[in-house]
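Okay, here's what each chain looks like letter by letter:
Number of protein chains: 2
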Amino acid sequence: MRNAFHDQLDSIFDDLAAICADVEVAVTRATHALFDADADLAEQVISGDAAIDLARERVEDNALYLLSLQAPVAGDLRIVVAALRMVSELERMGDLSVHVAKIARLRVPHRAVPAGAEQTVGRMAEVAEAMVRRAGQIIRSRDVDAAAALRADDEEMDLLRRTSFTELLGDDWAHGVEAAVDIALLGRYYERIADHAVSVANRVVFVVTGQYPTSD
Amino acid sequence: MRNAFHDQLDSIFDDLAAICADVEVAVTRATHALFDADADLAEQVISGDAAIDLARERVEDNALYLLSLQAPVAGDLRIVVAALRMVSELERMGDLSVHVAKIARLRVPHRAVPAGAEQTVGRMAEVAEAMVRRAGQIIRSRDVDAAAALRADDEEMDLLRRTSFTELLGDDWAHGVEAAVDIALLGRYYERIADHAVSVANRVVFVVTGQYPTSD
Numbered sequence: 001m002r003n004a005f006h007d008q009l010d011s012i013f014d015d016l017a018a019i020c021a022d023v024e025v026a027v028t029r030a031t032h033a034l035f036d037a038d039a040d041l042a043e044q045v046i047s048g049d050a051a052i053d054l055a056r057e058r059v060e061d062n063a064l065y066l067l068s069l070q071a072p073v074a075g076d077l078r079i080v081v082a083a084l085r086m087v088s089e090l091e092r093m094g095d096l097s098v099h100v101a102k103i104a105r106l107r108v109p110h111r112a113v114p115a116g117a118e119q120t121v122g123r124m125a126e127v128a129e130a131m132v133r134r135a136g137q138i139i140r141s142r143d144v145d146a147a148a149a150l151r152a153d154d155e156e157m158d159l160l161r162r163t164s165f166t167e168l169l170g171d172d173w174a175h176g177v178e179a180a181v182d183i184a185l186l187g188r189y190y191e192r193i194a195d196h197a198v199s200v201a202n203r204v205v206f207v208v209t210g211q212y213p214t215s216d
Numbered sequence: 001m002r003n004a005f006h007d008q009l010d011s012i013f014d015d016l017a018a019i020c021a022d023v024e025v026a027v028t029r030a031t032h033a034l035f036d037a038d039a040d041l042a043e044q045v046i047s048g049d050a051a052i053d054l055a056r057e058r059v060e061d062n063a064l065y066l067l068s069l070q071a072p073v074a075g076d077l078r079i080v081v082a083a084l085r086m087v088s089e090l091e092r093m094g095d096l097s098v099h100v101a102k103i104a105r106l107r108v109p110h111r112a113v114p115a116g117a118e119q120t121v122g123r124m125a126e127v128a129e130a131m132v133r134r135a136g137q138i139i140r141s142r143d144v145d146a147a148a149a150l151r152a153d154d155e156e157m158d159l160l161r162r163t164s165f166t167e168l169l170g171d172d173w174a175h176g177v178e179a180a181v182d183i184a185l186l187g188r189y190y191e192r193i194a195d196h197a198v199s200v201a202n203r204v205v206f207v208v209t210g211q212y213p214t215s216d
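These protein sequence lines map, in sequence, to chains P and B. Residue numbering for the first sequence follows the numbering used here, starting at 1 and increasing by one per position. Residue numbering for the second sequence follows the numbering used here, starting at 1 and increasing by one per position.
These are computed hints drawn from the structure, not numbers from a lab. There could be a bad hint or two in this list.
You can't tell identical chains apart in this list, so a pair holds if it fits in one copy or across any two.
[To be verified] Listed below are the simulated EDC-like cross-link pairs for lysine to aspartate or glutamate, each with C-alpha atoms no more than 20 Å apart in a straight line:
#1 K102 - D158
#2 K102 - D61
#3 K102 - E191
#4 K102 - D153
#5 K102 - E129
#6 K102 - D10
#7 K102 - E43
#8 K102 - D143
#9 K102 - D53
#10 K102 - D38
#11 K102 - E57
#12 K102 - D22
#13 K102 - D76
#14 K102 - D15
The shape of chain P in the complex, shown without the other chains:
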């Protein structure tokens, strides 16, 4: 049965989807800044993060207003708390995009990622971007099945992270310590973006079904 609570909750989910779209832009731009050694684009990601932080505050205020106005009981209460967690995670994903952009900026006019590591890091970036996009679709569609697919993407990310370590710790690594450290940290940032995307999707599953998905 629909009521004022659910209408307001829909509005909060619309805002979450909008923030997720902004995060997707941030991840994509940070990756372009990284691979094109584009300082201006990196700056856009860094300065653009304030808008994501502000949007987060607005969603939090709306969620708290909903809690205080409607005083929802157990199940609905947990849904609002899930929304609060989702917005925290989306904000963190924005912060992690800033970290990627800062590494890009630090190495301009050079590229932080040397040719020998381009494939693995590039794929990590692609997977992370796709996962953020999919998380946004899941927020909009409340498609529980799509969340399972997202967990499969996350397994590819874990595999890529291991491949990346093998590359940069192997005897063939010819790009020195600085590039290795940059790539290890970039890998960590993309991996965390992916983790948060899965977590956001899992919270949508919780909102729809009342249960968090078991790992599969």
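Keeping the supplied structure of chain P fixed, place chain B upon it in accordance with the hints.
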């Protein structure tokens, strides 16, 4: 005026302080495992994390119960939400200790941190441990002034992180790529533990004063 809400809130804060004490043990043990190349101790940190996760769930359940039972209005509502965020952050600090322990375990029987980097990484570990301990004291005492001191500790951590990068990216670095990557990631983990400790302390300030501290 004291009431049932505040009594239950005190109980939640007692639980938060207990979790913070567990996190402190985890950070200390992970650091010992790292510097003593002690696989057994690393395993204790890794397997011990499940208890922190469980304690987190208990606090969340209590906080949600408090919300549903008391339906607190604006100010009190934000306090409960702050408690929910604190417990999430404490759990993340536990996860980060596990990451440190896993690097320690990966390099046994060797030490991940070579002698040339011992001082800076060791100091990062000390600062992180001290910050977790102080965060626990702040949760227990609700001492708003101590939270400001914690933010000063965090500045030392930022400085140590920069020093560490200078060391491992300098011409004098003689310990290879693997140690550099380990130290860059360890630095990230200790830095994040420190960030979360500051955030937990800032939330206590909010609970006591109704305002988040401005950066000083």
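Checked hints:
1. Taking CA atoms no more than 20 Å apart as the test, K102 paired with D158 passes between copies only; the shortest distance there is 15 Å, against 23 Å inside one copy.
2. For the identical chains of this complex, K102 and D61 are neighbours neither inside a copy (30 Å) nor across copies (39 Å), given an alpha-carbon limit of 20 Å.
3. Taking the shortest Cα distances, K102 and E191 sit within 20 Å of each other both inside one copy (17 Å) and across copies (17 Å).
4. Neither within a single protomer nor between protomers do K102 and D153 lie at most 20 Å apart by alpha-carbon distance, with minima of 26 Å and 24 Å respectively.
5. Taking CA atoms no more than 20 Å apart as the test, K102 paired with E129 passes inside one copy only; the shortest distance there is 18 Å, against 27 Å between copies.
6. In this homomeric assembly, K102 and D10 never come within 20 Å of each other (Cα to Cα): the closest approach is 35 Å inside a single copy and 41 Å across copies.
7. In this assembly of identical chains, the alpha carbons of K102 and E43 lie at most 20 Å apart only when taken from the same copy (8 Å versus 34 Å across copies).
8. Proximity of K102 to D143 under the C-alpha cut-off of 20 Å is found in neither arrangement, the shortest distances being 34 Å within a copy and 35 Å between copies.
9. Only within a single protomer do K102 and D53 lie at most 20 Å apart by alpha-carbon distance; the minimum there is 18 Å, versus 32 Å between protomers.
10. In this homomeric assembly, K102 and D38 come within 20 Å of each other (Cα to Cα) only inside a single copy, at 11 Å, whereas the closest approach across copies is 35 Å.
11. For the identical chains of this complex, K102 and E57 are neighbours neither inside a copy (24 Å) nor across copies (35 Å), given an alpha-carbon limit of 20 Å.
12. In this homomeric assembly, K102 and D22 come within 20 Å of each other (Cα to Cα) only inside a single copy, at 18 Å, whereas the closest approach across copies is 34 Å.
13. In this homomeric assembly, K102 and D76 never come within 20 Å of each other (Cα to Cα): the closest approach is 40 Å inside a single copy and 38 Å across copies.
14. For the identical chains of this complex, K102 and D15 are neighbours neither inside a copy (27 Å) nor across copies (38 Å), given an alpha-carbon limit of 20 Å.
In summary, the structure is inconsistent with hints 2, 4, 6, 8, 11, 13, 14 from the numbered list given earlier, while agreeing with the others.
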